[in-house]
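Please model the complete structure; the sequences and the hints are all you need to start from.
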Amino acid sequence: MKAGSNLEKMFAAGHFAVTGELGPPRGADAGHIHEKAKYLKGIVESVNVTDCQTAVVRMASMAVCRLLLDMGIEPNLQMVCRDRNRLAIQADLLGASALGIKNVLCLSGDHQKFGDHPQAKNVFDIDSMQLIATCKKMRDEGKLINDHECEGIPKFFIGAAVNPFADPFDFRVTRLKKKIDAGVDFLQTQCIYNMEKFRTYIQQANDLGLTEKCYIMAGITPLKSVGMARYMQKFVPGLDVPEDYITRLKGVDKKKQGDEGIKIAIEQIQEMKEMKGISGAHVMAIEWEERVEEIVSGAGLLPRPDVS
Amino acid sequence: MRLNYPTNIRIINVPCTGRVDILHLLKAIEDGADGVYVVGCLEGDCHYLTGNLKARKRVNYVKKLLEEMGIEPGRVEIYNLSAAQGPRFAEIAREFTARIKELGPTPVRAGGKAKEKAA
Amino acid sequence: MVVAERKPIEEILDMIKEFDKVLLTGCKGCVTVCNAGGEKEVGILASALKIARKKEGREIEIDEITLERQCDPEYIDQLEDPISKNNYDAVLSMACSVGPQYIAKRFDTVLVYPMLNTSFIGGSLEHGVWAEFCQACGSCAIHNFGGLCPIARCAKSLMNGPCGGSSGGKCEISPETDCVWHLIYERMSRLGQLDKLGNVVMFKDWTTSRDGGPRKIVREDLKQ
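Residue numbers (this note's numbering), protein chains in the order written: chain A, 1 to 308; chain B, 1 to 119; chain C, 1 to 224.
Any given hint could be a false lead.
What the hints assert, rightly or not - The calculated lysine to aspartate or glutamate pairs, modelled on DMTMM-like cross-linking and capped at a C-alpha distance of 25 angstroms, are: (1) B/Lys27 with C/Glu64; (2) A/Lys234 with C/Asp178; (3) A/Lys197 with C/Asp178.
Note that these hints are calculated values from the structure, not bench results. Since the model is a prediction, treat every value here as computed from it, not as a measurement.
Have a look at this one:
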């Protein structure tokens, strides 16, 4: 075991793992966390806590991770390179480990241009690839980037994100391989809607033997409505929403579009369960935590196996 | 043809409107002209190929600059017509004069006067 | 070259609102090439400021001079004569921000104002269009990236791009911005060097960049 987290154990035992996601509030209200997180407890192995996602100031990911631990929920600490240099990143990683956080997700971070502080100076001292390498060096060699030995070695199960739908498509699998080379243990994908393109991507990864070197979790975001689908299609770079899902949502009564979106998500997870090279699903139900149970259960993944 | 056009217009000949510089237009305004306009050949008919197109860009630049200074951009303009359009030339002169009359005297001179009065 | 652009007239007018006589200085270096602060732009700005001040009813006297360069002390010396003979309220510089700093350094008691915003180190794409190409990190490694710079030209300065926001060759921050990593990928592909892009590029040493503090180069062979 590298870190001995729930998530790692679930993968190790050969189960199809499920993770959730939680966006911290734009304020200091811890009650908000308790309210949202209760829907995820016992439903998923661990919960990603976003790190000022879309470059909007929110409660610190690390603090929310600790609140989740107190609730008996395993967190995945998301960490972006946008806001911290290598000093702060390593300091935060050491602190996170001391607080009992075992899963870390290494990300570049959305550019601040679209956030709530576009006037900010960004950092990008290191990139996501190098952040993975940093976590690995700390864990496996017990050393910081500068080779200084850590007193007390942080043990992380190292994650990262991949976007199979960004361009250039042919380079995406190479970049997946680079993340594995850098030391990643598990990967979560961007929300998948274009199943055909995703199958091609995973096929390429399988052919190179990459899916045996790390655990890949398929990113699933249920579509709430035609409006949301259209928005994702048009305005989220590197997101590919095929027209047939939109047609399907349009085919039902407006009030039932959410239910149809859930149905689609369940079908996707069911296909992912059978897909070679996929080890789990990462369910990102944006501001829709209360429906996660329905999705996971619908996909036949409840109750979650006990691996502790 | 002996066409009449307003007498307040002072014509400055240039070989091509491509010769008209931003600074020429600005100096006219600076020296107190109420308006200044460029009359060039029809677009596509420039003897030097793109002289009148360049002039249009410069006129637009000066319009923007005037706007930045809080002066009506309509005080500079460019018109295109051919040498055979004498009546149109007179018409443009009347049009532009009417426009400037509408805008009133240049604030560049009025500013100076306001100061005199204040003093 | 250093690429710059003129500050908005409104901002300049506010800077000089107390002055009645100023010296406006241009530079024949980079800012002439990028049409921001050469002799011609000095003339245009002087005229524009005079127009605006006439309109306000408080005329301003503006002398114009354009130096060979404003980033070498020997050319700044040429201001000695006009500055000593005229009682200027201030000197305005249309050079990149090096110019006004040199003038301030040379003339202790003279007020100096920048007329330009120094934008970036770049080149022209076509007449009237300039783009950023270099961030002066102090340790060029573009040969590893097909001759393109990911530090200056990737919005996130990624050493291992392209990120998930690369779409149709464009960057997520704007459809006007090329994804340099897409360009790197295409060029490396044409060069038959895609395998080089398969290796993880490790931590960059930023000590040679601004992060190491203000920089200086000393050439003993040239120094007197």
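Next item on the list: Provide an ascending list of the numbers of those earlier hints which the structure does not satisfy.
Entry: none
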